[in-house]
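K.L.:
Chain residues, written in single-letter form:
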Amino acid sequence: MALWLDTLVVLIILTNLKLLGSSRLRACIQVVAFQGILLSLVPMLAGAGHLTPRIVALALLTMTVKGVIFPWLLLRVLRTANVHREMEPFVSYTTSILVGVGLLAASVWMGRQLPLPVPSQSPLVVPLALFNTMVGLFVLVSRRKALTQVLGYLVMENGIYAFGLAFALEEPLLVELGTLLDVFMAVFIMGIMIFHINRELDHIDTDRLSVLKD
Amino acid sequence: MNPTSFSLPLAAVVLAPLVPAVINRTKAWFAGRQGQPLLQGYYDLAKLMGKGAVYSRTTSWVFRAGPLVSLACVLTALAVLPLGGARPPLSFAGDPVLLLYLLGVARFFTISAAMDTGSAFEGMGASREAQFSALTEFTMLVSLAALVKLGHLPLPAGVEAGSPYSLQGIYASLTATMWMRYGTVLLLAATALMVAVLCENSRIPVDDPTTHLELTMIHEVMVLDHSGPDLAMIFYGAAMKLWILCALLAGLLIPMRSGNAWLDAGAVIGGIFLLAVAIGVIESCLARLRLLRVPQFLTGAGVLAIVALLLAFWV
Numbered sequence: 001m002a003l004w005l006d007t008l009v010v011l012i013i014l015t016n017l018k019l020l021g022s023s024r025l026r027a028c029i030q031v032v033a034f035q036g037i038l039l040s041l042v043p044m045l046a047g048a049g050h051l052t053p054r055i056v057a058l059a060l061l062t063m064t065v066k067g068v069i070f071p072w073l074l075l076r077v078l079r080t081a082n083v084h085r086e087m088e089p090f091v092s093y094t095t096s097i098l099v100g101v102g103l104l105a106a107s108v109w110m111g112r113q114l115p116l117p118v119p120s121q122s123p124l125v126v127p128l129a130l131f132n133t134m135v136g137l138f139v140l141v142s143r144r145k146a147l148t149q150v151l152g153y154l155v156m157e158n159g160i161y162a163f164g165l166a167f168a169l170e171e172p173l174l175v176e177l178g179t180l181l182d183v184f185m186a187v188f189i190m191g192i193m194i195f196h197i198n199r200e201l202d203h204i205d206t207d208r209l210s211v212l213k214d
Numbered sequence: 215m216n217p218t219s220f221s222l223p224l225a226a227v228v229l230a231p232l233v234p235a236v237i238n239r240t241k242a243w244f245a246g247r248q249g250q251p252l253l254q255g256y257y258d259l260a261k262l263m264g265k266g267a268v269y270s271r272t273t274s275w276v277f278r279a280g281p282l283v284s285l286a287c288v289l290t291a292l293a294v295l296p297l298g299g300a301r302p303p304l305s306f307a308g309d310p311v312l313l314l315y316l317l318g319v320a321r322f323f324t325i326s327a328a329m330d331t332g333s334a335f336e337g338m339g340a341s342r343e344a345q346f347s348a349l350t351e352f353t354m355l356v357s358l359a360a361l362v363k364l365g366h367l368p369l370p371a372g373v374e375a376g377s378p379y380s381l382q383g384i385y386a387s388l389t390a391t392m393w394m395r396y397g398t399v400l401l402l403a404a405t406a407l408m409v410a411v412l413c414e415n416s417r418i419p420v421d422d423p424t425t426h427l428e429l430t431m432i433h434e435v436m437v438l439d440h441s442g443p444d445l446a447m448i449f450y451g452a453a454m455k456l457w458i459l460c461a462l463l464a465g466l467l468i469p470m471r472s473g474n475a476w477l478d479a480g481a482v483i484g485g486i487f488l489l490a491v492a493i494g495v496i497e498s499c500l501a502r503l504r505l506l507r508v509p510q511f512l513t514g515a516g517v518l519a520i521v522a523l524l525l526a527f528w529v
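As given, the protein sequences belong to chains P and W, one line each in that order.
Residue numbers for the first sequence follow the numbering used here, so the first one is 1 and each next one is one higher.
Residue numbers for the second sequence follow the numbering used here, so the first one is 215 and each next one is one higher.
Treat the hints loosely; a few may be bogus.
A few chain W residues that face chain P, going by a derived Cβ cut-off under 8 angstroms, partial list only [unchecked claim]:
#1 S347
#2 G397
#3 L402
#4 I520
#5 V521
#6 L525
#7 W528
It should be emphasised that the hints constitute simulated quantities derived from the structure, not laboratory data.
It should be emphasised that the depicted structure is a prediction, and the values quoted were computed from it without experimental measurement.
Note that beta-carbon positions come from the ideal geometry of N, C-alpha and C, so glycine has one too.
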């Protein structure tokens, strides 16, 4: 069981590094969708044997929202905005990957420093949550396109979700559902915003929006 | 020191030219050709040894020393190379570093010999070789470090432990139990090592061993001016290097540690030939990367190795 959980965690780490290293927006969206699906499988394995209907329902719901609805929404935005690549990020792709490795090292170190009040089901989940949050933040600040920034936001949210997974058995279903709904609304609204930015200005580069102030 | 430990280098000396032949046969099978006979490597070596060498008047002793020193280095490296759980003639703490830097010295002399000819063309190949090998050396060191960090499980009976910082110690600890527990980390390290094997032996997708187009060659261009016995030594040295790196990877991928050295070594030798088939399949299915992409590809492998090392500290 531990081996499968390890494999999932490693795959999620690799999807983060892949996100940092790829320039094609379509590939980025698919990577984040894949990450969402992997993440939704974590509570099923972390539950260590007792698969309650509640955990399964939560996993299925997360999988649908993060693995199907989000990519579908974002790919639709991609089609209407007619942008395919993040051309000139503030930090180059190779440097981004190296930064990602540094962040991984930092989160492993921090995960060891932070004792949890509740014994977590796996020692891997807390560093993973920290790593996802930091990668999401890094993508948010180092990329120009609004769409990539939405992806950064999603990865960050995945990190927070993973942090919640460490205590999934204790957390009420209502809280999880509420978070999921919030994220869904955020992505929905951001998709509409990107569509409108693109229609008004013919691009979705957020750094060029700062010259618009009156 | 027992007879089995000396038979490991002996097996390498005898069987090494077979490995490139197996790769060639696999590629031929994919292309629908019959391919060269499996013993072609030995025929080529015999033919080249019977020829005379031609030396340009502009070259110095460095050019003549290149192939000789390279071959001597890889032959020395065989002394510390374990095949799975089987013990090599020499084993001491820190010998992974010795192995990697013997390969480094071999590479240094090949590069020097290429630069000694004064040809701009060979200098270009030498520069590429130096650039790419700097990245793979790092990858190999880090993935071996990850394996060192993991190796602390109790060993099955009959397997000699050795120092945990020696190659023998590392490979003795890679048992099936280890795979059950740390499979993901081992798989990451193995992937990084696989990329290193492809790059170090100038295989697709980094270099194309069959090309003779000046813009794309790396290894082939460096040895263009060598002839006769020198070329034979280069071919033999290259086959030996392929054997060494494949043995490192096969020893990791085949967790057979029965305690019987003959059985373990046999399994790893089988693994080396399976890897040769796998390299043939990769070469048949992939295109060569653009030269600008190669450092990215190698950095990616280095990142996998670092992730393996971090996880080894974590689990």
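K.L.:
Please go over all the hints and tell whether each is borne out by the structure.
P.N.:
Results for each hint:
no.: 1; hint: S347; verdict: violated (18 angstroms)
no.: 2; hint: G397; verdict: holds (5 angstroms)
no.: 3; hint: L402; verdict: holds (7 angstroms)
no.: 4; hint: I520; verdict: holds (5 angstroms)
no.: 5; hint: V521; verdict: holds (6 angstroms)
no.: 6; hint: L525; verdict: holds (7 angstroms)
no.: 7; hint: W528; verdict: holds (5 angstroms)
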